[in-house]
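Asker: Spelled out from the first residue to the last, the chains are:
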Amino acid sequence: MVDQERSMLRASARIHDRLVEIGREILETPVPDAAWLECRRIARGMVKAHGHGWHLAVRRLRPQLVYALNTCRRRLDEAQSQFDNAAPNPNLPSLHDVFNDLTALERELADVRADLKRAKLSVVTDDIVLEGIDLGRFEILLDWSLLGRSLAYEVVALDPNPAASSSETTHPHVQANQLCEGDGRAPIRQALAEGRLFDFFLLVRQVIQTYNSASAYVSLTEWHGVDCRDCGRSLGEDERDHCNECGEEVCYDCSILCRDCDRSFCSDCAPRCPGCEETFCASCRSRCAGCGELFCEECLADDRCSSCRKTHEEETENADGQIPEGPSDQTSPYPSVQPVRLGEAGVPA
Amino acid sequence: MRVLAINHDGGGFADYLEIPEGTTVKELFERQVQSPNPENYLIRVNRQPVPADQVLQEGDRISFTPTKIEGA
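Line by line, the protein sequences are chains A and B. Quick note: to get the working numbering, add 59 to the position in the first sequence (first position is 1). Quick note: to get the working numbering, add 61 to the position in the second sequence (first position is 1).
Hints listed in this document are in silico derivations from the structure and should not be mistaken for laboratory results. Treat each hint with caution, since some may be false.
Stated by the list, open to error - In silico EDC-like cross-links for lysine to aspartate or glutamate, where the CA-CA straight-line distance does not exceed 20 Å: (1) B:K129 x A:D202; (2) B:K129 x A:D242; (3) B:K129 x B:E79; (4) B:K129 x A:E190; (5) B:K129 x A:D193; (6) A:K179 x A:D202; (7) B:K129 x A:D289; (8) B:K129 x A:E240; (9) B:K129 x B:E91; (10) A:K176 x A:E213; (11) A:K176 x A:E80; (12) B:K87 x B:E119; (13) B:K129 x B:E100; (14) B:K129 x A:E80.
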């Protein structure tokens, strides 16, 4: 028997032992003995106090008994839940089944290794390439000593190409070596619970090979980061601000705050007011009725900027100061040389 | 005859099924998975890929695993 086969056989035996142990643990569901004994102690005390006529003592013990009974009821509910959720595996695999799983893994997936000291079984995938982005190989690492408990496995990037915004996100659905299983959760949990390790590794591999753009830690379109709309710098997730007008991403250095509403904008969406040179968004600016330029509210009065107001006032004054023309005399044969004033007579030319 | 069928499309339960003698892998797939696209599944008999017309035997272990399983 070659070394690898011998190693797999030993690993199979250890894994099978663990699966049997899980079955025994389930049957040893703890019942709340201590909580029940406490209830009995207090109840006995109440009976004794009542017998002696110590009514004050009975009154003091009553709330203690209520508390102890509630605690006991909670512990019973927890024990029942644990018992219900951890039913013994009716399909407990034999040692032969476990060994067949491991040898089949070597045919299906590359590089299967068993570390007997650390109780770990690992499988390495091929390069995972999703939408043209090479995420490298991943090691699916199962700690069989943790079977029957949560977090028995990890997914470790061997050639990390993490998201620009998060070094812990090595795959759209893997963060801090934990796979977010999504649709794979139920079958993966079932496979682990039943000790079907071939199925488990196959399922995890299929999840890693599938990209779900609707629910990723970091989407692949943003995998290499998002560029600032204004300066073009590549931005991490915590380096971005968001233009409230056009929706583009900007860095905090390029982000502009509207002086009135205090929201953030890119440079195009919050230009300077020509009057005061402060930055305002479109909602906080209005058009001058004179020149048509956009100004902040403070720089407009009567819907005009200061320059247009001045021009408008001058025009209005000029219009007020002009001498109105006299009524036209259509019967006179002589054109007027000078306008006729009160007290004067027209002088023919 | 009795076989173990594992459908990973959903809950991933393993069930012992009674099936007629001479049932092929393809026929079992159509009965269990009810999908018109077997190419979207990894189909393994006793943990190995097999042709669609392979006739199943007593005690065979058949698994159907979707090729695309979306994480979250």
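Asker: It remains to establish, for every hint, whether it holds in the given structure.
Answerer: Taking the hints in turn, this is what the structure says about them:
Between K129 (chain B) and D202 (chain A), the direct Cα distance comes to roughly 25 Å. Violation of the 20 Å bound is thereby established for this hinted pair. Taking the CA atoms of K129 (chain B) and D242 (chain A), the gap is near 10 Å; set against the 20 Å cutoff, the hint holds. The straight-line distance between the Cα atoms of K129 (chain B) and E79 (chain B) is roughly 29 Å, outside the 20 Å bound, and the hint therefore fails. Proximity of K129 (chain B) to E190 (chain A) is assessed by CA-CA distance (about 14 Å); at most 20 Å being required, the pair is judged to hold.
Simply put, K129 (chain B) and D193 (chain A) have alpha-carbon atoms about 18 Å apart, close enough for the 20 Å limit, and the pair holds. This hinted pair checks out: K179 (chain A) and D202 (chain A) have alpha carbons roughly 4 Å apart, not beyond 20 Å. For the suggested pair K129 (chain B) and D289 (chain A), the alpha carbons sit about 39 Å apart, so the restraint of at most 20 Å is broken. Taking the CA atoms of K129 (chain B) and E240 (chain A), the gap is near 12 Å; set against the 20 Å cutoff, the hint holds.
Simply put, K129 (chain B) and E91 (chain B) have alpha-carbon atoms about 18 Å apart, close enough for the 20 Å limit, and the pair holds. The straight-line distance between the Cα atoms of K176 (chain A) and E213 (chain A) is roughly 18 Å, inside the 20 Å bound, and the hint therefore holds. For the given pair, K176 (chain A) sits about 18 Å from E80 (chain A) by alpha-carbon distance, which is consistent with the 20 Å threshold. Distance restraint check for K87 (chain B) and E119 (chain B): the Cα-Cα separation of roughly 16 Å lies within the 20 Å cut-off, and the hinted pair is therefore satisfied.
A C-alpha spacing of about 11 Å is found between K129 (chain B) and E100 (chain B), which places the hinted pair at or below 20 Å, so the restraint holds. Taking the CA atoms of K129 (chain B) and E80 (chain A), the gap is about 34 Å. The hint is violated against a cut of 20 Å.
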